[in-house]
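Undergrad: Quick note on numbering: the numbering used here labels position 21 of the sequence shown as 21, and the sequence is numbered without any gaps.
The set of hints was computed from the structure by calculation and includes no laboratory data.
Just so we're clear, the structure is a prediction, and the values are computed from it rather than from any experiment.
Among the hints, a few may not be true.
[Said to hold, decoys possible] So the derived label-pair ranges between C-beta atoms look like this:
(1) 148 <-> 414: 42 to 48 Å
(2) 95 <-> 362: 55 to 61 Å
(3) 412 <-> 64: 45 to 51 Å
[As the list claims (entries may be wrong)] Below, a list of computed lysine to any residue pairs in the SDA-like style, where the Cα atoms sit at most 25 Å apart:
(4) 327 <-> 465
(5) 30 <-> 138
(6) 386 <-> 235
(7) 60 <-> 135
(8) 49 <-> 152
(9) 386 <-> 334
(10) 413 <-> 398
(11) 193 <-> 277
Each residue gets a CB set at the ideal place from its N, CA and C atoms; glycine is no exception.
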Amino acid sequence: MDKNYKFWFCAGSQDLYGDAVLEHVAAHTKEMAEKLNASGNLPFEVVWKPTLLTNEHIRKTFNEANTDETCAGVIVWCHTFSPAKSWIIGLRELNKPLLHFHTQYNEEIPYDEIDMDFMNENQAAHGDREWGHIVTRMGIERKVIAGYWADPEVQKRIGSWQRTAVGIVESSHIRVMRVADNMRNVAVTEGDKVEAQIKFGWEVDTYPVNEIAEAVSAVSQADINALVDEYYSKYEILLEGRDEKEFREHVAVQAGIEIGFERFLKEKNYHAIVTHFGDLGSLKQLPGLAIQRLMEKGYGFGAEGDWKVAAMVRLMKIMSTGIKDAKGTSMLEDYTYNLKAGDRGILQSHMLEVCPSIADGPISIKCQPLSMGDREDPARLVFTSKVGTGIATSLVDLGHRFRLIINVVDCKKTAKPMPKLPTATNYWEPRPNLYTGAEAWIYAGGAHHTAFTYDLSVEQMTDWADAMGIEAVVIDENTDIRSFRNELRWNEASFR
Numbered sequence: 001m002d003k004n005y006k007f008w009f010c011a012g013s014q015d016l017y018g019d020a021v022l023e024h025v026a027a028h029t030k031e032m033a034e035k036l037n038a039s040g041n042l043p044f045e046v047v048w049k050p051t052l053l054t055n056e057h058i059r060k061t062f063n064e065a066n067t068d069e070t071c072a073g074v075i076v077w078c079h080t081f082s083p084a085k086s087w088i089i090g091l092r093e094l095n096k097p098l099l100h101f102h103t104q105y106n107e108e109i110p111y112d113e114i115d116m117d118f119m120n121e122n123q124a125a126h127g128d129r130e131w132g133h134i135v136t137r138m139g140i141e142r143k144v145i146a147g148y149w150a151d152p153e154v155q156k157r158i159g160s161w162q163r164t165a166v167g168i169v170e171s172s173h174i175r176v177m178r179v180a181d182n183m184r185n186v187a188v189t190e191g192d193k194v195e196a197q198i199k200f201g202w203e204v205d206t207y208p209v210n211e212i213a214e215a216v217s218a219v220s221q222a223d224i225n226a227l228v229d230e231y232y233s234k235y236e237i238l239l240e241g242r243d244e245k246e247f248r249e250h251v252a253v254q255a256g257i258e259i260g261f262e263r264f265l266k267e268k269n270y271h272a273i274v275t276h277f278g279d280l281g282s283l284k285q286l287p288g289l290a291i292q293r294l295m296e297k298g299y300g301f302g303a304e305g306d307w308k309v310a311a312m313v314r315l316m317k318i319m320s321t322g323i324k325d326a327k328g329t330s331m332l333e334d335y336t337y338n339l340k341a342g343d344r345g346i347l348q349s350h351m352l353e354v355c356p357s358i359a360d361g362p363i364s365i366k367c368q369p370l371s372m373g374d375r376e377d378p379a380r381l382v383f384t385s386k387v388g389t390g391i392a393t394s395l396v397d398l399g400h401r402f403r404l405i406i407n408v409v410d411c412k413k414t415a416k417p418m419p420k421l422p423t424a425t426n427y428w429e430p431r432p433n434l435y436t437g438a439e440a441w442i443y444a445g446g447a448h449h450t451a452f453t454y455d456l457s458v459e460q461m462t463d464w465a466d467a468m469g470i471e472a473v474v475i476d477e478n479t480d481i482r483s484f485r486n487e488l489r490w491n492e493a494s495f496r
């Protein structure tokens, strides 16, 4: 993400109360925009715009927002009463994310001084409801946030929505490069790529594996050696009895893959990649360490051709860019359960490709045999993941529509180390508990691959799904199976 996104702050009013009131409206909204920007609670700048009064002005402003590539969304607040019919044409033409900020300039009623002049000027409780009615009647998707504008918690909610809005805008820019096809006969990694482009804006293209392998072969030995030196300086090297020279040669293969893949992705302007162990062409190893490093740089990834996960990982990395003390985002896969009472959970991993952004503690390079892929032993980064709460998401194609499944999970440490497992791992218990969480996930048709993050919320991802016009279902501490299954039934009717 290289755009310096901004959000336009547009206040609505009318001219019935005279110029003095409009001067107050402008002064108040300018002050609010300045203080929102100074708060430190918004990741993106708020840009003040002149008060919107008429059909023509509203339409002109919204169309300017449409054509401004740095505008990621519009924030509307009706300071006084703003007749909603004046907004119809502009709202019909607006194609940027929309936030209705239901607030008012004063925090409390000035009991000793309040008069009709004050009432007429400060009537967002009146004006915002008029405005909210027309947006609902027009069926326009938007976010509504109510609260006092100087309240830090309210400001943080605006900041959270800004990240979702950027995700909505950036979704239409995501381009996924598929190396070969998906794993044969696997259902969940398939999907309607045309419908995904219509719904989300994603471009999903396929390249023969040897075309990208040629880019790997073109990498100079000097560039490979320099990157291997970087690996050796950054990670722990676990030879585990292997010859050091031979180990380094295996690591060098991954360095060549990382450089070659990244150059190919940049040249073709792709932001996510999928590979498949069943079609490696002339590649010497299944990409492991190389893919892990690319994910850490912000690329999306999906295994066995899973382009939906690759795009979601990319999307979630965009949405979480710049979060202070971010804990990471990665593709993960459900592997095996621990069913022991008191420590139930799911071991998450993959053959090789887990993003080191989620690592906790040391990261090591191992070189181990891998039966899948029929190639030489691949090098990979090995680590355990952070403790904390995250969300696991699965975007599934149900044939006639998409569903986004969001599960709140509690990541924890395993009871014992796993010295013979040469992969990166995460271990979590889904909410509300393993049994209910797993049952709900399966009823919803969730995949075994997930796009996981510590850094985004259920609200942000459901807001994104709402903006895309798709179903979102949440599995969390409030989930019970009977209600969840009824929700799926109701949604089936609603999203036809």
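Undergrad: Please go over all the hints and tell whether each is borne out by the structure.
TA: Outcome of the hint check:
Checked against the given bound of 42 to 48 Å, the beta carbons of residue 148 and residue 414, roughly 45 Å apart, stay inside it. About 47 Å separates the C-beta atoms of residue 95 and residue 362, a value inconsistent with the hinted range of 55 to 61 Å. Between residue 412 and residue 64, the C-beta spacing of about 49 Å keeps the proposed range 45 to 51 Å intact. Among the hinted pairs, residue 327 with residue 465 is consistent with the structure: their alpha-carbon atoms are about 23 Å apart, no more than 25 Å.
Distance hint between residue 30 and residue 138 is unfulfilled; the C-alpha atoms sit about 29 Å from each other, more than 25 Å. With a CA separation close to 17 Å, the supplied pair residue 386 and residue 235 stays within the 25 Å bound. Restraint check for residue 60 and residue 135: satisfied, since their Cα atoms lie roughly 18 Å apart, inside the 25 Å limit. Between residue 49 and residue 152 the CA atoms are separated by roughly 23 Å; this keeps the pair inside 25 Å, and the hint holds.
For the hint pairing residue 386 with residue 334, the CA-to-CA distance comes to about 17 Å; that is within 25 Å, so the pair holds. Between residue 413 and residue 398 the CA atoms are separated by roughly 34 Å; this puts the pair beyond 25 Å, and the hint is violated. A hinted pair counts as satisfied when its Cα atoms are at most 25 Å apart, and residue 193 with residue 277 qualifies at roughly 21 Å.
Consistency note: the structure conflicts with the earlier hints numbered 2, 5 and 10.
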